[in-house]
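Enquirer: Here's the letter readout for the chains.
2 protein chains.
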Amino acid sequence: MLKVGTLWVCLITACAAGCGAAAQDTDPLPSWNDSTSKKAIVDFVTKVTQEGGADFVPVSDRIATFDNDGTLWAEQPVYVQVAFAFDRVKALASQHPEWKQQQPFKGVLDGDTKAVAAAGERGLLEIIAATHVGNTTEEFETIVRDWITTARHPTTQRLYTEMVYQPMLELLTYLRAKGFKTFIVSGGGVEFMRPWAERVYGVPREQVVGSRAKVKYEHREGRPVLLRLPEVDLLNDGAGKPVGIHQAIGRRPIAAFGNSDGDFEMLEWTTSGRGARLGLLVHHTDATREWAYDRASHIGALMRALDEAPTRGWTVVDMQRDWKVIYPFQK
Amino acid sequence: MLKVGTLWVCLITACAAGCGAAAQDTDPLPSWNDSTSKKAIVDFVTKVTQEGGADFVPVSDRIATFDNDGTLWAEQPVYVQVAFAFDRVKALASQHPEWKQQQPFKGVLDGDTKAVAAAGERGLLEIIAATHVGNTTEEFETIVRDWITTARHPTTQRLYTEMVYQPMLELLTYLRAKGFKTFIVSGGGVEFMRPWAERVYGVPREQVVGSRAKVKYEHREGRPVLLRLPEVDLLNDGAGKPVGIHQAIGRRPIAAFGNSDGDFEMLEWTTSGRGARLGLLVHHTDATREWAYDRASHIGALMRALDEAPTRGWTVVDMQRDWKVIYPFQK
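First to last, the sequence lines map onto chains A and B.
For the first sequence, my numbering begins at 1 and goes up steadily by one.
For the second sequence, my numbering begins at 1 and goes up steadily by one.
Just so you know, the hints here were simulated from the structure itself, not pulled from any lab data.
Note that the structure is predicted; figures quoted are calculated from it, not measured.
Don't be surprised by glycine CBs; every beta carbon is placed ideally from N, CA and C.
There's no promise every hint is true.
Below are the BS3-like pairs computed for lysine-lysine, each with C-alpha atoms no more than 30 Å apart in a straight line [unchecked claim]: (1) A:K216 to B:K90; (2) A:K178 to A:K324; (3) A:K216 to B:K39; (4) A:K214 to B:K216; (5) A:K214 to B:K214; (6) B:K178 to A:K178.
Heads up, incomplete: computed chain A residues facing chain B, CB under 7 Å, no partners named [stated by the list, open to error]: (7) R205; (8) Y217; (9) P224; (10) A239; (11) H246; (12) R251; (13) E265; (14) E268; (15) W269; (16) S272; (17) R274; (18) G275.
Far from chain A, some chain B residues (derived; all Cβ distances over 10 Å) [to be verified]: (19) V89; (20) A93; (21) E162; (22) V190; (23) V208; (24) E231; (25) A239.
With the rest of the complex left out, here is chain A (with noise of 0.2 Å):
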């Protein structure tokens, strides 16, 4: 009669708790290659969630973090956000007709790279204040949102959403089935991934913790507003990360992912919390099917953290070897 009784649960509730016998005979993540990295997720999972057991963790602790670019999506061969950036340049030159002879917005708008490379990080910078402030969160919403569905990769023409790791997505779902609670910390802005954060990860945005500029509460026609100010307020990255999951979250996570040194300070607090952990990194392996890069990437580089993953515990996801796709589009 039970077994009657938890079918209909499945059936009007489609809940993951009464569905968990059947769900079982399936495999959760489809998508990796049966591997060391596989089996460490697996054999994590089933500890922390076994009731009685000596690594149990009760629900409201099963929080997960995960870097977003180059760990939930490509990063190559440059950030999102910077091409977010670049698009902005050019949509607003016709207000900033100086921009035609002043770097770094000169080398944007004539797609010269070297110049714009020549600027540097500060250069950078220079694009992203010109481009992410002055609006209200609103406003910059709505950009975002209209980029996001439209803009497309440079070299596989593909919209950027789409570019996202197949094999990641399922461990994702697998997490929240098994009652974790999924978080995004990255090094990106907030606000530039709450408007789609929710639709491809299934991550709400109360769920996703970035680096911010300050805001600031004021009226425009009598109606309250939130201001993007020209101040960094939170850089969520490398010993940010830490500090951006305290103010957000509140609790350690017991699990977290990453992909290059700015995620390193995360993996750190992670892992060394009492009781079972799993700090995992992705290492970009395959020039075929996504990039190879990692010392000395000039975007996601990977160093120290890969040295002293072995001692530290944490599981390195060869890409090549690891996972049977990429992306969604090529299952």
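Mind docking chain B on chain A? Use the hints.
Expert: Just chain B, lined up with the frame of chain A:
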């Protein structure tokens, strides 16, 4: 057969959705007298949860924010966090012999409330700074947890966590049963509330938003810690509340609950969004069962919000008239 199935859903998962039909027969707000306040709440919730209705709001956007001091628990004769700070002064006095001669610390140690009051807000900030920083976040958590489980209110001799408002506990539960995500958005310190908010209010740590000190990621004896610095990172009060909401939640609430002018902007931001909105103020009118105060109070002053409530369509709860009981121990 569907009925049998629904029954099984209830028996096995105790889910709100499956039991909805049965639950509608019982009053979800039994400690509220039948009044315009209660009607405003129930009408709003009914409207936004009515599928196909003009005011329907999908579950993901059902965000409700609650002030804490004076809205969820008593704030007289002083904010609970101030009582905590005073107790910390006493606990730390042996490490600070200079405090015996130095106001406002001397006043706290001597129980000289006049001297403490004479030091004003500046003196209070000095006390908070001296007692709330320099610890790691984990040390501070332990201090708060130990204090809140033993400290008692000066006049009722109750634990502070017993002095929460029964009608508001019912409101939190009612909203959650209707698919709302409930957040605390308080001027108080986020790290002072998180250790007990889940146990007392059913609000998980990641849904507590408050004022916060800057924290710094560093290493102590080889282990990473987050150190609390003597610098305010966010003052989550007044116009700071919509900022805190934006940072932590990233959605505009559809319902907001407060009791003082420090909640004005939160209610304004909430109720100026499109569609059905609920703004509600708890008016402290019960000198017998709780306290009666508004315009002239040095704590939780309520003036502008009270004056503008009628034109803004905000509901004002008359505590004396609308609430059958104040605290859970009066049930």
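Enquirer: Now tell me if each hint is right for this structure.
Expert: Verification of the supplied hints:
1. A:K216 to B:K90: The hint is violated at about 38 Å.
2. A:K178 to A:K324: holds, 23 Å
3. A:K216 to B:K39: Distance of about 35 Å is beyond 30 Å: violated.
4. A:K214 to B:K216: holds, 19 Å
5. A:K214 to B:K214: Holds: K214 of chain A and K214 of chain B sit about 15 Å apart, inside 30 Å.
6. B:K178 to A:K178: holds, 24 Å
7. R205: It holds, given that the least Cβ distance between R205 of chain A and chain B is near 4 Å, below 7 Å.
8. Y217: With a closest approach of 4 Å, the Y217 of chain A hint holds.
9. P224: holds, 5 Å
10. A239: holds, 4 Å
11. H246: Constraint on H246 of chain A satisfied, holds at 5 Å.
12. R251: holds, 6 Å
13. E265: Where the cut-off is 7 Å and the nearest Cβ of chain B is about 6 Å from E265 of chain A, the hint holds.
14. E268: holds, 6 Å
15. W269: Holds. Min distance 5 Å.
16. S272: holds, 6 Å
17. R274: Because about 11 Å separates R274 of chain A from the closest Cβ in chain B, which is outside the 7 Å limit, the hint is violated.
18. G275: violated, 14 Å
19. V89: holds, 26 Å
20. A93: holds, 29 Å
21. E162: holds, 23 Å
22. V190: violated, 7 Å
23. V208: violated, 7 Å
24. E231: holds, 13 Å
25. A239: violated, 4 Å
Hint compliance for this structure: hints 1, 3, 17, 18, 22, 23, 25 are not met, and every other hint is.
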